[in-house]
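Colleague: What follows is each chain in one-letter form.
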Amino acid sequence: MDIGFSPEETVFREECRDWLHANVPAEKRPLDAADAVDFDKAWQRRLFDAGWAGINWPVDYGGRGLSIVQQVIWLEEYAKAHAPWIGANFVGINHGGPTLILNASEEQKAYHLPRILKGEAIWCQGFSEPGAGSDLAGIKTRGRIEGNELVINGSKIWTSFAHVADWQELVLRTEDGSLRHKGLSWVICDMHAPGITVRPIRKMSGQAEFTEVFYDDVRIPLANVVGGLGNGWKVAMSTLSFERGTGFIADQVKQSQEIEELIATARANGMIRDDRIADQLAQLRAEVAAVRAMTYRNISEVVRTGQPGPEASVIRLFTSELGQRLERMAVILMGEDIIDFAYGDDNAVADYLRGFAATIAGGTAQIQRDIIGERLLGLPKSR
Amino acid sequence: MDLTPNDEQIAFQTATADWCRDHMALEDARARRDGLWAELEAMGWTGLTAPGMDLDHATEALVFAELGRFLAPIGLLSTAVASRWFPDVVDGKVALALTASEPEPLRVLDPAGSGAVLRSEPGGLRLFDLPDAFTDQSGTLHTTPHAPTIDLSTLQSRHEWTSSLWTEDDPAPALHLQLLSAAYAVGCADAARDMAADYAKLREQFDRPIGWFQALKHMCSDMAVRAAAARSQLYYAACALDENAADAAFHVAAAKRLADQAALDNGRTNIQVHGGIGMTDEAAAHLPLKRAHLLQFIAPAAREALLA
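Chains as they are written, first to last, in my numbering: chain A, 540 to 922; chain B, 133 to 440.
Please keep in mind that the hints were generated in silico from the structure rather than gathered at the bench.
Ideal placement from N, C-alpha and C gives every residue a C-beta, glycine not left out.
No false leads were slipped in.
From the structure, some residues in chain B lie toward chain A, with a derived Cβ separation under 7 angstroms: (1) Asp-134; (2) Ser-353; (3) Arg-435.
Starting from the given sequences, assemble the full structure and let the hints guide the process.
Modeller: Structure representation (structure tokens):
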């Protein structure tokens, strides 16, 4: 075991650092939604042009075809350089793209993957429904086959970026009367198609990042099904296992910056003299270190065996709950200034309020604990 | 960068676990048999860390986590560390003193049959020439009285301070003890987790295994999370020591802190998962918890080291 990097990896890290140092925009990502999308697209294009988009994506589709370790190095340096959040490109880069790489046809990959990497196409996700949250297999949105088209009716919820998206990774029921995990399909839905209505949902932090999406006789070509009709559950799960493997490295680097800032703040305002505060900060710093150790261990597992180990779900749960503990500490250190929070503010209180999503979105902490109990410890399935 | 054990390390791990299962079962930790130490010596566990062995910290951490899983004798920690840092003087078992301050007598753990006592303090280790039993010039045998500790497998004695050998101005020896005791605690946390998960699969109530119920399942999952975090940090800390990394002291302290917490929290949760039988002396569920309460005082992680 070792925590060092090879000479080639070290050279690669220096290249990342140098480029980021010279190119990270000085201005912050705009708060206004429309401006933010323009900003996200322009930044993604710059990353692509300089060869930093899709570091471990296949070369044939515009990626670099490098190793997962190099991808980790890039993400670490990216966060250290305070480079902007990828924003509206998040779903395409982290969900849609990887799912296409694993499951899509040559035509689908050749069309969509380069557009995702260049920031030309914004993607959103359509998995959850009002009646299918933790119980994702309870999906009711239907796709009726008519000739060479699917006619879609129903609704999806918690869809980020739906109002600006060009495409959606949509899981729906394509077999009449099918139950649970069977009869579902994963399709590429054109968000500009007639019959789609988007309703923004304002979160308790004030931002309207989520939406509800309604489908009223929306027509999508059957050719947009990925991985075959009726295989939607399998295709969707390939995305989720990706997310549980390496999708959270940027968050983890951010956490290691946050804890140092929190300690500096507590030293500056004197609150570190409170033994309970000092002890909690010490604890958080140890936990942040453990997250990196767990991630490195998981990446090593991927390098050795080709896939993340079952402990990837442990990292996911631990990281999300640790993020919330850090956000809670940040507002504790604010003292009574938390009272001044108003909608529109983008500060530690907004982060704290937004952070409740971390243990709900993409599988609640309770579902994660089911997975850990059943897959890691072999306890009997409850569902 | 690779934080998974290589084939050779896995072989070490497996051999250790196999031997422990056959010769040092956790269930027997309430009263270890007299000949155990001699067997440990014969098997080479006590000299594993000696300079000639050339094992890296990562391999040592893996082996000691397995030993810790079976609640191996506390004296193995001090003997292993003393063999590394006082190779010319150590011959045989070395007991472990906790951090009492002069003139309070030393609290010595696992003294039976020991020829010396090791104590860790900030900035170094001390080795006391304190045999557990000796014969004076008139031929009279003096033996130290032994008293129980909360950990049923560990006895203790009290000693006045005597002259000692030092490893001064070198933080590495104390970190070595902290790392290996963190490994013991990681093993202890694993043991409690596995005991709870195994029981939750077997014990039935309401016509199904209790592990079916989310209330119990999630308690077991949290045990797995704590153990995984502590074990990963242990590996990272061992590698940081092997590399002489500037922040090695922080990483070892973080490993010890998380391992102690995992051992204590998993120890408590294990008893709750076992229900009625868990709070009895008859079951073994109390053994990891009691061991965890002892380990937390061995080379504890200082808050200053975590915030440095």
